[in-house]
Structures are given as C-alpha cells and as structure tokens.
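For reference, the chains in residue letters:
Protein chains: 2
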Amino acid sequence: MALSHATSGEVVDVRPLGNAIGTAITHTIVKTNDLEVIRIVLLAGNDLPPHAVPGDITVQCLEGKVTFGVGNLVRELTAGKFLYVEGGVKHSLLAREDSTLLVTIALKHKP
Amino acid sequence: MALSHATSGEVVDVRPLGNAIGTAITHTIVKTNDLEVIRIVLLAGNDLPPHAVPGDITVQCLEGKVTFGVGNLVRELTAGKFLYVEGGVKHSLLAREDSTLLVTIALKHKP
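Sequences listed follow chains A and B, in order.
Going letter by letter, the first sequence gives residues -8 to 102 in the numbering used here.
Going letter by letter, the second sequence gives residues -8 to 102 in the numbering used here.
List time: in silico DMTMM-like cross-link candidates among lysine to aspartate or glutamate, alpha-carbon distance up to 25 Å:
#1 B/LYS22 / A/GLU27
#2 B/LYS72 / A/GLU54
#3 A/LYS22 / B/GLU77
#4 A/LYS72 / B/GLU54
#5 A/LYS22 / B/GLU67
#6 A/LYS99 / B/GLU1
#7 A/LYS72 / B/GLU27
#8 A/LYS81 / B/GLU27
#9 B/LYS72 / A/ASP4
#10 B/LYS99 / A/GLU1
#11 B/LYS81 / A/ASP4
#12 A/LYS81 / B/GLU1
#13 A/LYS99 / B/GLU77
#14 B/LYS56 / A/GLU1
#15 A/LYS56 / B/GLU54
#16 A/LYS99 / B/GLU27
#17 A/LYS56 / B/GLU1
#18 B/LYS56 / A/ASP4
#19 B/LYS72 / A/GLU88
#20 B/LYS22 / A/GLU67
#21 A/LYS81 / B/ASP4
#22 B/LYS72 / A/GLU1
#23 B/LYS56 / A/GLU54
#24 B/LYS99 / A/GLU27
#25 B/LYS99 / A/GLU77
#26 A/LYS22 / B/GLU27
#27 A/LYS56 / B/ASP4
#28 B/LYS72 / A/ASP89
Not everything, but these chain B residues come out facing chain A in the computed CB check (under 7 Å):
#29 GLY0
#30 VAL2
#31 VAL3
#32 VAL5
#33 ARG6
#34 VAL21
#35 ASP25
#36 ASP47
#37 THR49
#38 VAL61
#39 LEU64
#40 ARG66
Worth flagging that the hints you see were computed from the coordinates, not collected in a lab.
Note that the Cβ used here is the ideal one computed from N, Cα and C, for glycine as well.
Construct the complete structure from the given sequences, taking the supplied hints into account.
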C-alpha cells in the first residue's frame, strides 16, 4: 500500500518502530509548498552519501544511532538528539544501528 | 542564563524532560530566515489560546498530553504523536498533563 501524506490536523505516530523497523521504509509524512517532513529508515551499516539541499533542514533521531557528517563536523545522533543543517551545506549519514530519523526541510522557492 | 539558538551542526537534546519539566521554559532552538523550531513547555492546565501563523507548522508531542484544536477538529497528542497545521489555520492547545512540544514553523516571507 502506498502511504499518503498527512493532511492538516491529521495525527501521525512517530514513536520508535522497535522490532518493526526491519520491514519499515522511508516515507514522506508531510509535503506542502513550503515544508517537507520525511521519516527516514536506515538499517545498520547503510548510509546516505554526502549531499546538500537548498533549504534549511532539521534532523531528529527517533531511535538507533547514526554518525552524521555536516560540513567538516562529525556528530553522533541517538534517540532524542536533534540538529539543524543550514541550507546548501553538504551532509551525510551512516547508521551504526537500525535507526529512524525525522527530517524536516524548509523548501526553497526559486526567486 | 539566556539560551542561545543552535548553530548549524550543533547537537541539541530534545528528549523528555521528566521531573525537570516544572522548572523548564519555552525556548527557541533554531531561528533562521526560513525556519523556526521551538520547544514549548506547557504545564498541566495551561493553554495557548486560538492563534494562527502565516507559515505551515508541525507539532510533535515529546511528553505529556495536550488537547490540540485545529480549525474545527480536536485532537489529543501524547508522546510521539505528530501533526501538521496548514499556514493561516487557527489552532489552540490545552495541556492535560505537564507537556513539552517540538514546534517547527516554515516562515513565510512577504512577497
């Protein structure tokens, strides 16, 4: 079943998946003109190679452990840790454990 | 001590406050041109009366229980529940228990 985007006022569960994480997939929860919210599922050993997006981003680790590279910095994120990445800055992720992340992007509009 | 805003790549702890909630205050974690992230502390019985902001918002309950009114809908949010509110839509909060919420606003720029 394709997962649809949440509508305004619709309650979405973003609690840790626990044992269900192995069968979960990355899913866009919200997509509007200005905002995109994605729940990223990254199993242990998997990575997202360095990339950048035009808009500011926030990343919140919901469960697991990831090594997060941002610019020249390397950070470790575990459940309940949060960081912000300035738009245009390269970042990368490597899952040390089965992990989920809530990522919010302030979408940039072309002038 | 005034709490400063997080810089790009700075790790912030957004885990539940637990017993420390009684002495915590609402704090803006991130403020950029495009994005604002606020950790709202709302003790049991306190409310935020109906209001609207121009940009799209996401609200994630980190702990506690709040009744969330959005448009004509009434929702209950507990830890790990998330919703999105379309920009310009009136919403209100009433804390049923001592609660913290992570609120993200996609800031609208005047054309």
